[in-house]
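For the record, the sequence lines run as chains A and B. Here the numbering used here is used: position 149 in the first sequence is 149, and no number is missing along the way. Each number in the numbering used here comes from the position in the second sequence (counting from 1) with 1000 added on.
Calculated directly from the structure, the hints in this document are not laboratory data. Given the structure is predicted, the values throughout are model-derived calculations rather than measurements. Note that beta-carbon positions come from the ideal geometry of N, C-alpha and C, so glycine has one too. Where hints are given, some of them may not hold.
If you want a taste of the chain B side facing chain A, the calculated C-beta under 10 Å gives, among others [as the list claims (entries may be wrong)]:
(1) Leu1021
(2) Val1037
(3) Asp1080
(4) Pro1084
(5) Leu1087
(6) Glu1102
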Amino acid sequence: MTGKPPFERVVSAHGSTVLRVCRAVLGPTDADDAWSETFLSALKAYPDLPADANVEAWLVTIAHRKAIDVTRAAARRAIPVAEAPDSPSASLAGRDPAAADGRDPAAAAEAGLVADDDLADAITRLPAKQKQAVAYHYLAGLPYADVAAILGGSTEAARRAAADGIARLRRSYPGAAGRAPRRVPDRAPHRAPRATPTTASKGEPR
Amino acid sequence: MNTDDPAITLAQAFPDDPGQLSRLHTRLAAAAQQDGVLDVAYRVIDSPVGPLLLATTDQGLIRVAFALEDHDAVLQTLADRISPRILSAPGRLDTAARELDEYFAGRRHAFDLPLDWRLSAGFRRTVLSHLPEIGYGQIASYSTVAGLAGSPKAVRAVGTACATNPLPVVVPCHRVVRADGSMGGYRGGPDAKRTLLTLEEAAA
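Build the full structure now, drawing on both the sequences and the hints.
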């Protein structure tokens, strides 16, 4: 009888996806801790996991809880400041504070203040629900029903949070990673997210 | 965000870093070991008889496997029979790897590793426990071993015990040959058995 695969196979199959999710949700500094806590916790519980369980959804669920723990621990360590908790790291990078806290990312992009390869950073700076929905659906590939089960709330709410997150990213990052930012019209932030996908990708190599 | 498929663009924003994953894996194995939840640790070493899988539990070395046996299949069997909490953790097997290296270099004639016998039971285990009595560089027939194990007529059962030895090389079933002097079967294939016997003959 063949049962569950050795846990090593779980790590090799899902390690990089879970790391991507942790990096998206927490940023690079705390991602390692969340990844380690996730897989250690998963290893402990692994013998009791039902054989037909969706391992990736299970891992992302654990990663979600660990990310919350890591965030809370970081908040306890942090000295309270008036600013939003995500702004200090962006400020450290020497960026325009307006761009850093996401108040007007499109304008910042147009002014050339934000590099395109900061897309990862932009995801991390999305509002929590949006970035979680984006990470779990688009990076981990979970269906919205599974995302909703992790986040709480309805499937529709999960879908909307992901769509809002993507729309926000499209506004901030009309150009692709590593390429020159497109010049965005002043009112670009109000553009419908999927209105110009063809023009946005036109002439750009994959 | 320039493509129609956000999943592709977003994944590209977090490129794989094999070095980072490797460091995280090492850290995970160490933490699991410390928390007592790494039930089986393994590594693969190179040897004159091909890559050898070494697996250990808290009790000791539990499995040595030739590539011929299919290492993935062997790990799956360990998951089924011992525990699925299995990780590659080379450091846990440093001593075993060193002793095997010494053996293959002809400098070691006996192993003093703790062994976990859980993959062998009953008469087979009795047979295997007598194999170290056949000294380095010596050979014995299946019927001789049957005698050592206290059941002189159980020659076929000795053959089965050797064929299912979970700890080949370390528990020297390769020293058991047919009464006519021909080698008989071996879990690692006839070439591996010949290589081991030749090595021992030369270094004895």
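Evaluated hints:
Taking 10 Å as the C-beta contact cut-off toward chain A, the hint placing Leu1021 of chain B at the interface holds, the least distance being around 5 Å. Against a cut-off of 10 Å between C-beta atoms, the interface hint on Val1037 of chain B holds, since the closest Cβ of chain A lies about 5 Å away. A least Cβ separation of about 5 Å between Asp1080 of chain B and chain A falls short of the 10 Å threshold, and the interface hint therefore holds. Below 10 Å, beta-carbon pairs count as interface contacts, and Pro1084 of chain B has one with chain A at about 4 Å; its hint therefore holds.
Hint on Leu1087 of chain B holds. Least Cβ distance to chain A is approximately 5 Å, under the 10 Å limit. A cut of 10 Å between beta carbons decides the hint on Glu1102 of chain B: the least distance to chain A is about 27 Å, and the hint is violated.
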